[in-house]
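Taken in sequence, the protein lines are chains S and Y. Sequential numbering from 43 applies to the first sequence in our numbering. Sequential numbering from 22 applies to the second sequence in our numbering.
It should be emphasised that the hints constitute simulated quantities derived from the structure, not laboratory data. Glycine included, C-beta positions come from ideal geometry on N, C-alpha and C. There's no promise every hint is true.
Heads up, incomplete: computed chain Y residues facing chain S, CB under 10 Å, no partners named [to be verified]:
no., residue
1, 158
2, 160
3, 163
4, 168
5, 193
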Amino acid sequence: MKTAGRVRYYIYAVTLFFIAVSGFGQMPVFKRYYIADIPGLGWLAQFYVTHIIHYTAAIVLIALVTYVLLDFLFNGPGLKRITRSGYFKIGILAGLCVSGVLMVVKNLPNSYFDHTVIIVLDLVHLALCMILLGTSLYTLIRKKKWVN
Amino acid sequence: MTTPKITSNISRRAFLKGSITAAGSVVATTGIARAATSLTHEKQEPLATLIDIRKCIGCEECVYACQAANAEKYPEPEKPFPKMVPPRVPVEDWSEKREVTDRLTPYNWLFIQTASVTVNGEQIDLTIPRRCMHCANPPCVKLCPWGALKQEENGLSRIDSDLCLGGSKCKKVCPWDVPQRQTGVGLYLDLLPALAGNGVMYKCDRCYNRLEKGEVPACIEVCPENVQTIGPRSEILKTAHALAREINGYIYGEHENGGTHTIYVSPVPFDQLNQAIETGKGKPHLNKVKNMMADGTQLAKAMLIAPLAGIAALVGKFYLSTKEDK
Ligand code: SF4
Ligand code: SF4
Ligand code: SF4
Chain S
43 MKTAGRVRYY
53 IYAVTLFFIA
63 VSGFGQMPVF
73 KRYYIADIPG
83 LGWLAQFYVT
93 HIIHYTAAIV
103 LIALVTYVLL
113 DFLFNGPGLK
123 RITRSGYFKI
133 GILAGLCVSG
143 VLMVVKNLPN
153 SYFDHTVIIV
163 LDLVHLALCM
173 ILLGTSLYTL
183 IRKKKWVN
Chain Y
22 MTTPKITSNI
32 SRRAFLKGSI
42 TAAGSVVATT
52 GIARAATSLT
62 HEKQEPLATL
72 IDIRKCIGCE
82 ECVYACQAAN
92 AEKYPEPEKP
102 FPKMVPPRVP
112 VEDWSEKREV
122 TDRLTPYNWL
132 FIQTASVTVN
142 GEQIDLTIPR
152 RCMHCANPPC
162 VKLCPWGALK
172 QEENGLSRID
182 SDLCLGGSKC
192 KKVCPWDVPQ
202 RQTGVGLYLD
212 LLPALAGNGV
222 MYKCDRCYNR
232 LEKGEVPACI
242 EVCPENVQTI
252 GPRSEILKTA
262 HALAREINGY
272 IYGEHENGGT
282 HTIYVSPVPF
292 DQLNQAIETG
302 KGKPHLNKVK
312 NMMADGTQLA
322 KAMLIAPLAG
332 IAALVGKFYL
342 STKEDK
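The shape of chain S in the complex, shown without the other chains (with noise of 0.2 Å):
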């Protein structure tokens, strides 16, 4: 199934890059520093529009992370072949869709979350997008894979 597997990460790629870059759109950054006057750009300064985008990016990350992980656990190769780094991007993964999932809770209608809950949860969110870019990155250069 190796097509399968090329789809996947395609798959996997592209979302990251949407759902990152609009997250970043969640703040007021885009604008302040030129990006969104390059035109084909100007979507980035929206805020709504970048709403939208995470979430539906958001969307084809928890079926894609469902997907990999039922295949896995029936199909894969098993626990011990996962490596470091792949072990520690699950980890990063799974905080960024359990916060992730939380702030669209919040963002429900008649949802009152503490202050300092969502505060917690703004920073941790963005705390984890910018270690599995960082992360990411590392085992790109690196040519790391998720399993052995």
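Once you've looked at the hints, dock chain Y with the ligands against the given chain S.
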């Protein structure tokens, strides 16, 4: 969800009296203070205000009461402001223009809009108190990337001036552009003042500290005409609808942006008022507003079934591979 006894008693009494005016003044001046206190501490129905536009005489008492009640929350910026890069980052300084009362500013969270309209063939000037609408699902609160805004269970939303970095996202996502920025104050000064942040955003905080003490918001208390009434949202809506029926009037704020906690009742349609008022920077419109958070809420539901999509894809893969094996 239970409604505090005192409030329902009051409005029932007011309704029994059959006078909406009585409902306004009674609710505003007596029991609501206690109701408001209990509403801030228990999981209760959100508070809303009814603004009866007919009654407002444009005296601006509420504007000055708001300023007096909230003066200690106003920014005291440090000058000169730190240089910000890139140069396009706007300096917004209202500290030398604190006396401005004809629009929203960091030092003026409530202002009076005027509309010259024709009612029953007669030309009249209506005056409309404008401030934050206190949306039921406020985008300013929900979309702040730092959690600098909060919404309390009594429905009020407010900006924590100790946390706000002044990026103005809350203003951009607010359908009425309500929050206003003051440069040179707040947390950003202690972080990277040149590169990130630009002060603090300010808006009506529903006099949360007065509500906590069991007092009504300053603008409501001071109004000589009892223009505003505060109470649990369902009761305020009931009163608003009764009033609208009585005067053949119109309602604004019930459905705008998915529903707000500020319900205006007017004798003329709001699109007519909207054309008659001056709108622009710091001067919000009275347009219809769709629910800005609705798409996100829809996608949140789709997120619930996302794992099912993953499972379906896996089942598909197994199906294909068994077929291949055959
Ligand atoms: S104090 Fe009352 S009457 Fe005077 S402007 Fe304010 S709302 Fe209108
Ligand atoms: S009117 Fe604007 S500032 Fe006020 S709660 Fe709604 S979105 Fe926030
Ligand atoms: S509720 Fe308080 S802060 Fe808001 S406009 Fe009235 S007086 Fe000002």
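Against the structure, the hints:
no.	hint	result
1	158	holds (4 Å)
2	160	holds (8 Å)
3	163	holds (5 Å)
4	168	holds (4 Å)
5	193	holds (6 Å)
When the structure is compared with the earlier hints, no violation turns up for any of them.
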